[in-house]
Amino acid sequence: MCNPNFILVSEVKNIFNKSRFSRWVGFLLHRFIIVIIMVWVLFPIFWVIITSLKQPIDIVSTIPKIIFTPTLNNYRGVFERYNFIKYLFNSVIVGLMATTISLILGVFGAYSLSRFKVVGSNFLMMMALLVRMVPGIVLIFPLSRMFMYTHLLGTRWAIVLAHSTFLLPLTIWMMRGFFEEVPVEVEESAMIDGCSRWGALFRITIPLAAPGITACFIISLIMSWNEFMFAMILTSGQNRTLPALVVGFIEFISIDFGKLTAASVMVMLPMMIFGIFIQRYLARGLTGGIH
Amino acid sequence: MLLFDLEGITIMKLQKKLLIEKKAMPYIMMTPATILMLFIVVAPLILSFVLGWYDWSPLRQEGPSFVGLKNYIKLFYDIDFWYTVKTSVEYVLMVTVVSGILGFLIAMALSVEMTGIKIIRGLAILPLLVSPVIVGLTWTFLYNPGNGIINYILGLLRLGKPLWLGDRGMALISVAIVRIWQVTPFAVLIFLARLLSLPVEPYEAARVDGASKWETFRYLTLPFLYKYIILVVLFLSVDAMREFGTIYTMTRGGPGRATEVSSMYAYNLGFKILKMGQTYAMTHVILLLTVGIAVFILSFWKRLED
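Heads up: the protein sequence lines correspond to chains U and W, in order. Just so we're aligned, residue 1 is where the first sequence starts under this note's numbering, counting upward by one. Just so we're aligned, residue 292 is where the second sequence starts under this note's numbering, counting upward by one.
Here chain U stands alone, though its shape is the one from the complex (with noise of 0.2 Å):
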């Protein structure tokens, strides 16, 4: 006990204390970690605003500049060139349209499929489970082939139709889960007290699951505005949605990245903002409420 150095040998292993060193090591690890997640995930998105802010000269200049002085001509000239504004609305009508369809139809599928058992339900689950599956190639084809016979090609309908094949049995899926989790019970109180089957459905339950619709909603909204495939094939000059307008600006212009740039922004912007509001609904909904 009076050994000076035993008071030493603790305090050095206090300061060494391993498992305090390891902790710090491993917190340093895991910021670092996550810094390079956030640079991995966010550079690409980073770049290309600031591309779009810089003057041509800075954009293909071979030392990528990080200090510039910022234009918005690019974006002036998406608008002024490219009429961006029509097709910026027809976006927003597709979406829209078929968007409340689904969101219409699937509502009440998915709350049939969520409270009954009956002799459809097992069809109508499976084939939004598969139709969720089947590719757009599959579909595009006969698709265009009956929306000629019908001349329904080349207007607006087709491309809402075509969009609502993978928007009909995402919110089916989606909305089932939902209303999963709004308990009976809250339900069966309110036909006691004497609601109908359909009243209970639309004072009790409907307003429960809002948050989850909302969610669906934005979601259906989000696949609508950033669906390519059946968005060049089906639709034609007029009626082109944003993503078939910004493809065209690579092939028949030679590359304005400045202009590219900046309509890809416009494009990305507003579903990004979106998305980060129903965040917290995203995962459930996606994995359609399994536990």
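FYI, nobody ran anything at the bench for these hints, they're computed from the structure. Do not rely on the hints blindly, as some may be mistaken.
Pairs of lysine-lysine residues, derived as DSS-like cross-links and limited to a Cα-Cα distance of at most 25 Å, are as follows [said to hold, decoys possible]:
| # | chain 1 | residue 1 | chain 2 | residue 2 |
| --- | --- | --- | --- | --- |
| 1 | W | Lys361 | W | Lys377 |
| 2 | W | Lys593 | U | Lys117 |
| 3 | W | Lys377 | W | Lys518 |
| 4 | U | Lys65 | W | Lys452 |
| 5 | W | Lys563 | W | Lys361 |
| 6 | W | Lys365 | W | Lys504 |
| 7 | W | Lys377 | U | Lys117 |
| 8 | W | Lys518 | W | Lys504 |
| 9 | W | Lys377 | W | Lys365 |
Output of the computed footprint for chain U on chain W, the stretches with three or more beta carbons under 8 Å from beta carbons of chain U [what the hints assert, rightly or not]:
| # | region |
| --- | --- |
| 10 | 353–364 |
| 11 | 372–385 |
| 12 | 409–416 |
| 13 | 432–444 |
All figures in this text were calculated on a predicted structure; none of them were measured in a lab. C-beta atoms are modelled at their ideal positions from N, C-alpha and C, and glycine is treated no differently.
Position chain W against the provided structure of chain U, taking the given hints into account.
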């Protein structure tokens, strides 16, 4: 007495009405969705299965002629087609395996509590919300061998300057990297949701029993995640089979046939070469392949439930 009777009748009527409502309601609710789905999905599929037996091209004068299984037999001997199937499978495997593992690791890294973690989690899912077409354009720009930022940074680090999309050997990997960038957040989102909702009790029990970190992960966390792993693999692979926009904007299947996945080949066959019969036959093989993958993955789900 009269009043009572009336009440009895009304109650009976009400019960009857409720019974009818209960019986009819599920069907009333399901019918519109089912009808729409029959029109826009089932009918086109049936039409496509019929047209697969015919041979015609918009370029020729005569209409469709019935050829039986000829389209499918031709396709079977088409080397180009099998090559694109191989490309597709490679692409799907790369995307699914890398995104799945990467997504899992990122979700683990983001599942801790720290200041600002909510913002970081929010930012981490951004790529998922960008249109595949925009993603394709963005990365074409980043990959640009002349003045793209990636090669500039690689040049600074003296790591060589690959041609990325222009190189036959690299093109498929380059395209897969882009897809991985876009869909990894999907895996992160779903794994993270599960990791953050794990029950606390089993972990406390494990700590009391003196389980090591690895044991806790292996025997507690992983089993909790099995279902979600299957789900993520299912959606990643099926959606990779659907992929069209990114590859279309980046390479159109080139250089040569390096990035020509099956859906790209079907598109070219149907809209450029205009051999419609074979195109239909081909989309059926793609459908079969996709459903096959889905059934294979879902079989693990079944095994899990038993």
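Evaluated hints:
Using a Cα cut-off of 25 Å, the hinted pair W/Lys361 and W/Lys377 holds, with the two alpha carbons roughly 23 Å apart. With a C-alpha separation of about 21 Å, the suggested pair W/Lys593 and U/Lys117 falls inside the 25 Å cut-off, and the hint holds. For the proposed pair W/Lys377 and W/Lys518, the alpha carbon gap of about 28 Å is over 25 Å, so the pair is violated. Using a Cα cut-off of 25 Å, the hinted pair U/Lys65 and W/Lys452 holds, with the two alpha carbons roughly 19 Å apart.
Restraint check for W/Lys563 and W/Lys361: the C-alpha separation of about 21 Å stays at or below 25 Å, so the hint holds. Taking the CA atoms of W/Lys365 and W/Lys504, the gap is near 57 Å; set against the 25 Å cutoff, the hint is violated. Of the supplied pair hints, the one linking W/Lys377 and U/Lys117 is violated, its CA atoms being roughly 42 Å apart against a limit of 25 Å. Taking the CA atoms of W/Lys518 and W/Lys504, the gap is near 22 Å; set against the 25 Å cutoff, the hint holds.
As the CA atoms of W/Lys377 and W/Lys365 are separated by approximately 18 Å, the hinted pair is consistent with the 25 Å bound. Coverage of the region 353–364 of chain W by chain U is violated [criterion: at least 3 residues with CB-CB distance below 8 Å; count 0]. For the region 372–385 of chain W, the proposed coverage by chain U is not satisfied: 0 residues have a C-beta within less than 8 Å of a C-beta in that chain, short of the threshold of three. Only residues whose beta carbon comes within less than 8 Å of a beta carbon in chain U count, and the region 409–416 of chain W has 6; three or more means the coverage holds.
A count of 6 residues in the region 432–444 of chain W with a Cβ less than 8 Å from any Cβ of chain U is obtained; the coverage claim is therefore met, three being the minimum.
Violated hints, in rising order: 3, 6, 7, 10, 11; the structure is consistent with all others.
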